[in-house]
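**Q** Could you put together the complete structure from these sequences and hints?
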Amino acid sequence: MRRIGIDVGGTNTDAVLIEDGKVVRAVKAPTSEDVTTGILDSLKSLGSTGVLAGKKIDGVMIGTTHFINAVVQRRHLTKVAALRLGMPAAASLPPFCDWPEDLANLVRGGVWMVEGGHEYDGRPFMPLDEAAITKAAQEMKAAGLKSVGISAIFSPLDPTHERRAAELVAKVIPDAVVTCSSDLGRIGLLERENAGLLNAALADLARDTIAAFEKAIRDSGIAAPLFITQNDGTVAEASQARRLPVYSFASGATNSMRGAAYLSGLSDAMVIDVGGTTTDVGQLKLGFPREANSVVKVGGVRTLFRMPDLLSIGLGGGSHVALDPLKVGPVSVGYRLLKEGIAFGGQQLTTTDIAVAAGVLPLGDKAKVAHLDAATCRKVFAEAARMAEEAIDRMKTEAGDVPLIAVGGGAFLIPEKLPGVSKVIHVEHGDCANAVGAAIAQVSGECDQIFKDLTRADALSAAQGIANDRAVAAGADRVSLKTIESEDMPLAYLPGNSVRVRVRVVGDVAGS
Amino acid sequence: MKLREFSIDDIESLAVGAWVLGTGGGGNPYLPLLNMRALYKEGHRVHLMQAADLADDDLVAGAGGMGAPLVGIERMGDPYTLTRAVRAMEAHIKRKFTALMSVEIGGGNGVRPFMAAALMKLPVVDSDPMGRAYPEGQMTSTAIGGLAPSPISLVDVRGLESIVHSTPNAKWTERVARKICVEYGSTASMCTPPRTGAEIKKWGIHGTTTKAVRIGEAVRRAQRLHEDAVAAILNVEPGVLLFKGKVVDVARRVTEGYLRGELRIDGLDEFRGAAMRINFQNEWIVAWRDEQPLAMTPDLICVLDSVSGEAVGSETIRYGQRVTVIALPPPEIFLTPKGLEHVGPRAFGYDLDYRSVFSS
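These protein sequence lines map, in sequence, to chains A and B. Numbers 1 to 512, taken from the numbering used here, label the letters of the first sequence in order. Numbers 1 to 360, taken from the numbering used here, label the letters of the second sequence in order.
Every clue listed holds true.
With the C-beta cut set under 10 Å, the calculated list includes, among others, these residues of chain B facing chain A:
no., residue
1, L34
2, R37
3, I73
4, R253
For the record, the hints were derived by calculation from the structure and aren't laboratory data. Everything numeric in this text was worked out from a predicted model, so none of it was measured. From the three backbone atoms N, C-alpha and C, an ideal C-beta is built for every residue, glycine too.
**A** Below you can see the structure in the form of structure tokens.
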């Protein structure tokens, strides 16, 4: 088994080659504005010693923090038209009502609430007001909105109103990109709608990013299938990742944590992953990130789908530094570090410039940062350490000191000693932990269907069997399969004893 | 009347504490809280008063929601429809209310009277008839006290208004009201039978809003200071730690508009090797430790997120969640023979003699 794992971060694009469970080679290249060049450069660099020559690659797995960075930094977001089908219910809590003000102002292109939606028992809540939807679509068009998030009451049980509304919108705006909340799943209108609106806000970024990934693999001449890693440490095909970018939201962070576990051999520890733009803190339990319980906040927005329990803060190797008053992050120069950082001839003071001035990083031109004295550097490092310490403290679930694995290209910001930490562990290839995690990403199998006239136990076991078979067909080792989701919901309105069962299993890639 | 202005911070704490007192049901107070944030932003304010300060002939309305929590998080109630439920009752009895009250402190209904109170400019009384959440209307101190079981108003956002005018007892009110509620789509805004100040003083369970605020404050403070939030609750309330573990199975079925089922938890830490099973009918009803009944209604069984200390509801609890189970003492009126008849384990179909975890 030979796989290439790539992590496209805000600052660096890392690539690793893993052969039979060993990291053969790991490289780093700056992320490029067009994404493609950065991936091509890293693949070229990966192959420069001849490790790829004449070898069959089983898969290229790409993970990225692009989508979550966009939300956290409020950048590259598309204005979204929110269309909710459910009037006259819930008018006091319109779409975006529990979003942070700044993000809502950026994303909210307009809100339309019309009659529609269903009851829990399958009856329409109100007949779908098709004329109002068409009128709303015309207003969206007039406002220049092309990304539309549609939600409807009880759409996970009956998605027909959302789908019909999507058709009507497409008639008026043929190039509209529509996210239906029923594609993201769960009961809970506001959280499902929020996930859909975030997904819609990423429409342009997802299209451009995935296209850049595909071009890079094509141009590199590597003949291997492309997979995008997802929040749960498994892979998805590119087309699905393009349509539902929120499912790849936390994949960069998941990959880092799984990579940190893999490289350190530790399965229970705190992990701090310091990238160029953001720092993620999480906790490893049995080699997997601890999962968040139900509602997860992304960039301050409540959503409801399975995610690792992570705290993201705006701290990284590319973070802007202001000296008076002292402020580090959350804005970052990102991939433009090598152009805009002062040590590289630019104008923007960053944490990397501080590290260069302090002699911590042998990069750039030290003379250009000679004006930064030791006291200034100490002050900035202390501020970064304080931010890290606070984040670790917030994520710890038990008192007492725990080991901390520090990974990521910005790990130089993490001191050797931190309060509440028994020891800080730096690992070989730790700066590429995310790419390692991508390369070892697992394969999943899922079953989500309605079973009739079976006992609950029989329905669950039937679903389990189907999910297992699908995972094995997708390349998983049957012995390694583990159930990560198991959920059943009785459907009172359907005839017979009907139950919707959703089972998801994951397993390691079977050896070839 | 002595009134205390309720701050938005009080309401934030109330939402957290009411969810704990919801004992798995009552619906998450998050949506009522969002409505309150919007109302306070618009400049509305609500005052809290003590039952002792009610005049005997004051008239108090119980304002809240009825139905399945799972429906509530899709249909999302609003303050205007709830206000209409209270106004419909005023029109029916041809009298104006002087104050509002919670119909059950546990869950979303702990916060809902504040939504109508904000629009109606009436105070909220610091009492309720449950001291927790229960799935049925006769499971109240007012029903145990034999107060009038009707009339009750039920209102739907689509312009549907119903009054159940007269019933022989609270069970009938519950049966008929529930049929109406199911027709509405299993969610309705309601106003429970009007009570005089004298009736509330005698039969209300008092100080429950303040109690919810106290619990919520303890949890929120512990979260801010990164302290053990479950321990923080047990610091301010005379509760007992029952179990700590990981959810390994949730079986649910919807029957007669109730969410019934069973939760299984495998022990962690000092409970490793042990197992807990909890039956629910919207609320947690009986908790079994290694197949022996350990805690049962009317004791409050609270399933909390082990990390955040916040309550976890029966409709959203999921496989893999780390939870801690505690018990809080029940209101005394539920411990009388009549009280146990209304809310003891047999009222939920369990052939068990009530044994409190607090009596041993």
